[in-house]
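Between the sequences and the hints, there should be enough to build the whole structure, so can you do that?
There are 2 protein chains.
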Amino acid sequence: MEIKVKKNVLGKNDRLAAEIRKYLSEKGIFAINLISSPGAGKTTILEETCARLKDKLGIAVVEGDITTTRDADRIARHGVPVHQIETQGACHLDARMLENALEHLDLDKVDLLIIENVGNLVCPATFDLGEDAKIVVLSVPEGDDKPAKYPGIFRRAKVLLLNKIDLLEISGFDKEKALRDLAEINPDITVFETSATKGTGMDEWCQWLADRVAEKKKK
Amino acid sequence: MEIKVKKNVLGKNDRLAAEIRKYLSEKGIFAINLISSPGAGKTTILEETCARLKDKLGIAVVEGDITTTRDADRIARHGVPVHQIETQGACHLDARMLENALEHLDLDKVDLLIIENVGNLVCPATFDLGEDAKIVVLSVPEGDDKPAKYPGIFRRAKVLLLNKIDLLEISGFDKEKALRDLAEINPDITVFETSATKGTGMDEWCQWLADRVAEKKKK
Numbered sequence: 001m002e003i004k005v006k007k008n009v010l011g012k013n014d015r016l017a018a019e020i021r022k023y024l025s026e027k028g029i030f031a032i033n034l035i036s037s038p039g040a041g042k043t044t045i046l047e048e049t050c051a052r053l054k055d056k057l058g059i060a061v062v063e064g065d066i067t068t069t070r071d072a073d074r075i076a077r078h079g080v081p082v083h084q085i086e087t088q089g090a091c092h093l094d095a096r097m098l099e100n101a102l103e104h105l106d107l108d109k110v111d112l113l114i115i116e117n118v119g120n121l122v123c124p125a126t127f128d129l130g131e132d133a134k135i136v137v138l139s140v141p142e143g144d145d146k147p148a149k150y151p152g153i154f155r156r157a158k159v160l161l162l163n164k165i166d167l168l169e170i171s172g173f174d175k176e177k178a179l180r181d182l183a184e185i186n187p188d189i190t191v192f193e194t195s196a197t198k199g200t201g202m203d204e205w206c207q208w209l210a211d212r213v214a215e216k217k218k219k
Numbered sequence: 001m002e003i004k005v006k007k008n009v010l011g012k013n014d015r016l017a018a019e020i021r022k023y024l025s026e027k028g029i030f031a032i033n034l035i036s037s038p039g040a041g042k043t044t045i046l047e048e049t050c051a052r053l054k055d056k057l058g059i060a061v062v063e064g065d066i067t068t069t070r071d072a073d074r075i076a077r078h079g080v081p082v083h084q085i086e087t088q089g090a091c092h093l094d095a096r097m098l099e100n101a102l103e104h105l106d107l108d109k110v111d112l113l114i115i116e117n118v119g120n121l122v123c124p125a126t127f128d129l130g131e132d133a134k135i136v137v138l139s140v141p142e143g144d145d146k147p148a149k150y151p152g153i154f155r156r157a158k159v160l161l162l163n164k165i166d167l168l169e170i171s172g173f174d175k176e177k178a179l180r181d182l183a184e185i186n187p188d189i190t191v192f193e194t195s196a197t198k199g200t201g202m203d204e205w206c207q208w209l210a211d212r213v214a215e216k217k218k219k
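So the sequences go chain by chain: V and P. The C-terminal residue of the first sequence carries number 219 in our numbering, and the numbering is unbroken. The C-terminal residue of the second sequence carries number 219 in our numbering, and the numbering is unbroken.
Among the hints, a few may not be true.
[What the hints assert, rightly or not] Have a look at the derived ranges for each label pair, beta carbon to beta carbon:
#1 P/Arg-96 - V/Pro-187: 34 to 40 Å
#2 V/Glu-169 - P/His-104: 36 to 42 Å
#3 P/Lys-12 - V/Asp-73: 36 to 42 Å
#4 P/Lys-54 - V/Trp-208: 45 to 51 Å
#5 V/Glu-169 - P/Thr-67: 27 to 33 Å
#6 P/Lys-22 - V/Val-191: 45 to 51 Å
#7 V/Lys-27 - P/Glu-99: 49 to 55 Å
#8 V/Glu-26 - P/Ile-170: 42 to 48 Å
#9 V/Glu-215 - P/Thr-69: 37 to 43 Å
What the hints contain is simulated information worked out from the structure, not anything from laboratory work. This one's a predicted model, so the numbers in the text were calculated from it and none came from an experiment. Idealized CB from N, CA, C, for every residue including glycine.
See below:
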């Protein structure tokens with residue numbers, strides 16, 4: 001019973017996500033869905049991304065949090081339009097929540113839509129929001145076994161941001177092992193080594209984003 | 001529809017959890033449910049706990065993982081009975097999974113049952129397993145805003161293990177702020193500052209566990 005209902009809910013979610021994808025594509029907007037464990041650095045990455053790209057591209061942000069508007073407040077300080085979704089206990093964003101959020105944003109001048117999901121490496125992976133790319137953030141202190149242990153999100157992501165790379169040594173993180181496991185799960189994934197607080201790798205990551213936005217405009 | 005089904009599922013789960021709680025209590029077993037984000041250090045804490053207590057207490061471990069038996073293998077090396085639950089995609093353990101796992105363990109000589117949940121700060125909080133205490137692990141690199149942003153688990157936990165405390169300075173973690181938020185959410189929670197890899201705080205934590213086991217035996 002539970003499984004059947006979950007399938008129905010996911011089917012409904014997928015149909016709405018497909019509509020959102022079509023709508024955003026018609027507007028020429030490239031959309032990413034940023035997913036990680038709590039505290040991997042999503043919001044800091046987002047702040048650094050906004051700081052680097054906001055004068056070059058039209059950016060809008062949707063912030064998903066179970067409660068509090070702390071992350072949205074951090075983004076708003078960069079002068080980027082942001083809408084907060086408080087999920088009231090739900091462990092992931094779904095397409096319906098995103099649809100409601102998009103009604104609060106003026107998308108006419110937007111080239112890049114960034115959706116920050118709830119901090120959770122599991123559930124957000126299975127809910128399509130209509131994004132062009134899922135971006136997974138893994139922070140080094142979480143450990144090198146995470147791709148093998150949580151393959152769902154690593155399989156579905158287009159990009160891995162291996163964040164807090166400055167803590168590699170102190171964390172005893174075996175990068176070769178993590179990347180070997182990752183290559184088995186998803187050989188096509190693009191990896192950027194980043195430290196959002198130190199700025200490492202952020203220019204390369206922002207260039208990747210700018211290239212995708214340019215591709216989307218050409219279509 | 002979804003919400004009603006979820007309520008029914010939770011109701012069913014709660015009834016089974018109550019049965020498990022009664023069964024474990026009759027055997028004089030103290031049971032904990034260890035919950036955290038991926039990579040906060042649950043398995044290392046568990047290894048260090050087993051190493052310190054296995055000659056003093058009868059310990060059994062149930063390991064929850066979405067996939068792989070890596071964590072169970074790490075525990076088995078300590079000579080402690082362990083049963084692995086692979087949740088096959090599910091983001092949390094439920095009482096039914098635990099009931100099945102308990103059938104694989106000889107509980108007659110067990111004083112302390114440790115259940116390591118799936119790495120997820122959200123969903124495991126709402127599924128009662130029949131444990132005596134939920135123990136939440138927050139690792140310092142995850143950031144000082146986590147109690148306020150994920151209040152569900154911090155409200156329900158009896159103990160917080162503030163782990164990777166050796167990374168306090170490098171992570172810029174504001175301990176006063178985190179503990180202030182925590183006190184608002186759950187003034188009764190007991191906090192241990194730990195570094196499982198360095199051994200910090202592990203004796204105090206193990207003493208707390210041993211005291212609870214002794215209390216349970218008296219009842």
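Query - Those earlier numbered hints the structure runs against, lowest number first - result: Of the numbered hints given earlier, the structure breaks none, since each of them holds.
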